[in-house]
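Can you make the complete structure from the sequences, with help from the hints?
There are 2 protein chains.
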Amino acid sequence: MAREMVRQGGRSARIQSEVHRTVQDLLKTMDRGEITVPMIAEKSGVTPSTIYRRWGDLSELLADVAVARMRPVADPEDTGAMESDLEAFILQYAEEMSSKVGRSMLADVLSSMEGDAAGRCCQFTYDHLETLRGRALTRGESAFDVGEAIDAIVAPIIYHILFGDRELTPDYCRSLVSRFLEKCAGV
Amino acid sequence: MAREMVRQGGRSARIQSEVHRTVQDLLKTMDRGEITVPMIAEKSGVTPSTIYRRWGDLSELLADVAVARMRPVADPEDTGAMESDLEAFILQYAEEMSSKVGRSMLADVLSSMEGDAAGRCCQFTYDHLETLRGRALTRGESAFDVGEAIDAIVAPIIYHILFGDRELTPDYCRSLVSRFLEKCAGV
DNA sequence: TGGCTTAATGCAATATCTTTGCGTTAAGAG
DNA sequence: CTCTTAACGCAAAGATATTGCATTAAGCCA
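Chains as they are written, first to last, in my numbering: chain A, 2 to 188; chain B, 2 to 188.
Hints were generated in silico from the structure; no laboratory data involved. The beta carbon of each residue, even a glycine, is placed where N, CA and C say it ideally should be. Heads up, some of the hints might be wrong.
To be verified - Calculated cross-link-like contacts (lysine-lysine; reagent style BS3-like; alpha-carbon spacing at most 30 Å):
(1) Lys29/A x Lys101/A
(2) Lys184/A x Lys184/B
(3) Lys101/B x Lys44/B
(4) Lys101/B x Lys101/A
(5) Lys29/A x Lys44/A
(6) Lys101/A x Lys44/A
Claimed, not checked - Covered by chain A, per the in silico footprint, the following chain B stretches (three or more residues, Cβ under 8 Å):
(7) 113-119
(8) 139-153
(9) 164-171
Claimed, not checked - Partial selection, computed: residues in chain B whose CB lies under 10 Å from chain A:
(10) Met83
(11) Val110
(12) Tyr127
(13) His129
In structure tokens:
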């Protein structure tokens, strides 16, 4: 009874899947501000009342879709060394998040107040960094502190994406990574 | 003709002021998600159509109010030395932004897409830091780079407020400041 | 000051979106 | 296979958003 509501193959799961897919399709075509619940309902063949009852409102639905899209499908690439692992991950992260759809997902996740969408999304980043750290330790390399990496690398990237006060070039991202690694080595 | 639309004392300015005041009053009483445009319209004695025509929708209005509230009324306190100036400013900034109303303002500003609310709000922080930097130079102290201060101190604070992944204690904020200053001195 | 031009507002009708009651469907358990 | 109940669809009711048109008042110029 207390198991998860969403199951594979059930009607409920099929509806969730249809709605998510429809939202993602719409996001490719139009701006987030133009999307409405009745629009999603019609395209997905689900009645609006079901969407409202299940997700509450449009912003919660968008946040739910965004978290699902941000959920990583695989571990970050193993390049053989901690420095290059970190740089590769950060460059990919910055590119994904700074794209139009990435910024949209960020905004959706942050404007949601139920379900801790922001926290779950943030956890993905922690997990990836933790994976890189674990790899480094296994290799016998000097590891880094995940929290410090968040502060020194991830936080500035997110800040500049959100506030649009600086362009996020690969060079800039690389400089964040290298400065962080130098600081680690220096201590 | 091309001067600013909003004037002191005119009807337009009076309405803007009434609406802003009403929104701020409502935000004290209730949660942001419960506020509606018709509600604001009634309380402020303005018709809903005026609000929609002028601000577009509720989220733009809330962002406009948030930017107005974030606009600093005075320069940061002068404590006599760059280090204490910076620490005092950051502690106050973190406290304001992490409060319930502060997080609400942040969310409003970031979810707005018209009018560059995020950019204007971000500029306030740059200006304050620039003021501190100018003071330091005047005193003959070693100054800091404003962009680096944003990356090293402000960005982590905003990140943790938005994602709720870490408590923002004064000690943590102080450690961000001191680590930044050490790094400056070290170079 | 007085008249002219035009942006901004108010009102009311309309369109769209959101909520809710109730009957129906189907998932999960025994 | 039947029972129980969560989730859904439909349609009506309620609330919000948009728009056309008349009115008000701000700014400008004589």
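Verification of the hints:
1. Lys29/A x Lys101/A: 10 Å, holds
2. Lys184/A x Lys184/B: 9 Å, holds
3. Lys101/B x Lys44/B: 23 Å, holds
4. Lys101/B x Lys101/A: Roughly 29 Å separates the two Cα atoms, so the pair holds.
5. Lys29/A x Lys44/A: 14 Å, holds
6. Lys101/A x Lys44/A: 23 Å, holds
7. 113-119: Contact hint for the region 113-119 of chain B vs chain A: holds, 3 residues under 8 Å.
8. 139-153: As far as the region 139-153 of chain B goes, the hint holds, because 4 residues have Cβ atoms under 8 Å from chain A.
9. 164-171: holds (count 4)
10. Met83: 21 Å, violated
11. Val110: 9 Å, holds
12. Tyr127: Nearest chain A Cβ about 7 Å off; hint holds.
13. His129: 14 Å, violated
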